[in-house]
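Knowing the structure of chain A, use the given hints to seat chain B on it.
There are 2 protein chains.
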Amino acid sequence: MCLCQSYGMTLLDSSSSASVATDGHVEARFGNRAPRLHPQWLREQSTEPGQIEATNRQRLFTPLDVDPGLVAVDAELHGDALTVAFSDGHRCRLSVAALMQRLGWVADPEAPPAPIAWEPGAAPFPTVFWPAIAGELDEPGVAEATVDFLGDFARHGFVIIRDTPTTEGTVAEVANHIGYIAGNNFGWVFDVRNKPKPTDLAYTAIELKPHTDQPYRKVQPGLQLLHCLANESDGGDSVLVDGLAATEAMCREQPDLLEALTTIEVDFRYDMGTDVAIDRRPVVQLDSAGRFRQLRFNTKLDFPVPADGADLDAWYA
Amino acid sequence: MCLCQSYGMTLLDSSSSASVATDGHVEARFGNRAPRLHPQWLREQSTEPGQIEATNRQRLFTPLDVDPGLVAVDAELHGDALTVAFSDGHRCRLSVAALMQRLGWVADPEAPPAPIAWEPGAAPFPTVFWPAIAGELDEPGVAEATVDFLGDFARHGFVIIRDTPTTEGTVAEVANHIGYIAGNNFGWVFDVRNKPKPTDLAYTAIELKPHTDQPYRKVQPGLQLLHCLANESDGGDSVLVDGLAATEAMCREQPDLLEALTTIEVDFRYDMGTDVAIDRRPVVQLDSAGRFRQLRFNTKLDFPVPADGADLDAWYA
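Here the protein sequences come in this chain order: A and B. Here the first sequence stands for residues 472 to 788, numbered as in the numbering used here. Here the second sequence stands for residues 472 to 788, numbered as in the numbering used here.
Among the clues, some could well be false.
Any copy will do: because identical chains look the same in the list, a pair fits if it lies in one copy or spans two.
Below 16 Å or equal to it, Euclidean Cα-Cα: the simulated EDC-like pairs (lysine to aspartate or glutamate) are [what the hints assert, rightly or not]:
(1) 689 with 610
(2) 689 with 773
(3) 680 with 536
(4) 666 with 524
(5) 689 with 547
(6) 668 with 524
(7) 666 with 678
(8) 680 with 713
(9) 666 with 703
(10) 668 with 773
(11) 689 with 738
(12) 668 with 708
(13) 680 with 708
(14) 668 with 742
(15) 680 with 773
(16) 680 with 736
The hints are simulated quantities; they were obtained by calculation from the structure and are not laboratory data.
Chain A on its own, in the form it takes in the complex (with noise of 0.2 Å):
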């Protein structure tokens, strides 16, 4: 397992070809990369006119409608271009930019930026201010200021949004301009006050250790916003962690016990009084290359589940 692993773009050099095999597969060589190509998988990149609808660029054609049989019989690779002509009669003309895409070798890139990790020293909170934000896309500034603000958020988890009203719903009135409000059983927004019958241990005193919000659900929350309209009490800073910078160190340090966060499924599990909702997952999700998708942290809420015969060790070293 590995975190670290970089996808770097494989330029073109002299040695890139393509051939079609004896099965109709094409061998492409891009650089350094020589994958075989399905010719089905060929044929539903095509982008010729028939092919996909123009507004919308999604696909006219399904599985079905494609002989099952369907080879290649003649592949050409030119410049930025492979150029492919199929057994059904269809001949199309492929960007490689795009097949490398499509093939996960270079980002999307229309993907947010990579998260960064945080580092000791690291440069001071990213901010933005809201009034920067708050108008239409189309005001001068306002969709710089937006694309600033999310990449922002997309590298460094987190960003501090300054100037907005001390004035009671501002914190739904920001969420509703960004995005749209996802609805829990808490209402549209959480107000962090100290109750008496507290639902939740956010409404009492009790000083909460870093955690992540709502692991219970099928859904973490993605982009969540706090504001503090008054603070009452003494003490008691706000503490950040980075989770991926944490899962970094793990994975450098101590891989043994990042793999039993990896692997052992954990109930996450809320009672609220009346109802109870759970979900069942690893503390730290990573993807199939071995990337960090994300985290499930909170002390109070989580509940190993020991795989048969096996123990929790490494989960409690």
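For chain B alone, coordinates are given in the frame of chain A:
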């Protein structure tokens, strides 16, 4: 891989026992199961006074509060209770039924009913009448009708709601009654209409084959409502397909092809002209016990990403 694996209740019998191993783990025997239980894990299940908050049952301590060298010093099993004494002086009485649930051997009674795959000649579509669930939960019969409705949805994956008004906005009213609408780029409600510049094939008269909606989102719609106000077309039967039944049939008849659908990741990609939404997942997701979790299927938007050196023969078979 087996989708049909069942997790029956393990009944306690006279061979049930518990003892403490030399390393402080508890060696329990519940009927025919003999788990080795970690002392920290057992300590975290404690519901004795002071260990959990009374109203919300959330744990009051964290791993940092527990001696890392904690061991069990005594364990006894009587009837449905396992009593454990720990080296930190704590002593707790744990319900065996709750432990079995925590170990994943029996379903959580708070979990929704398990899904049932459709079979040829299955019972008629489950139906609910809108007036029966439209009221407040404390009105007579409303809570029962709502539980029946949601139970049918969990079991069968769909329910027909009859007697809804044919006025615009009803679908949002029904949705907000059940939970919270999740908005997206289409807004809060998607109007299926024929549009001149279709940003989605659903805005065209093109026949749409069976698919799941929005597979390009990290979060697919959970419970989706369709409401037909007026039908100005001839023909166009609606077709429903049960993804669970299809997956189980593949598991029985072509397990190697199902394997391809559970392991090959797919970029589901929706280009809406101004921006793009992408999520990369396998078509069929199973949980760690091999049980069906979810399905993404859309032959207009799917771009399988073969692993390096792997071929897509099984995918296209």
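| field | Index of numbered hints that the structure contradicts, given in increasing order | value | Hints 1, 5, 10, 12 and 16 contradicted; others consistent.
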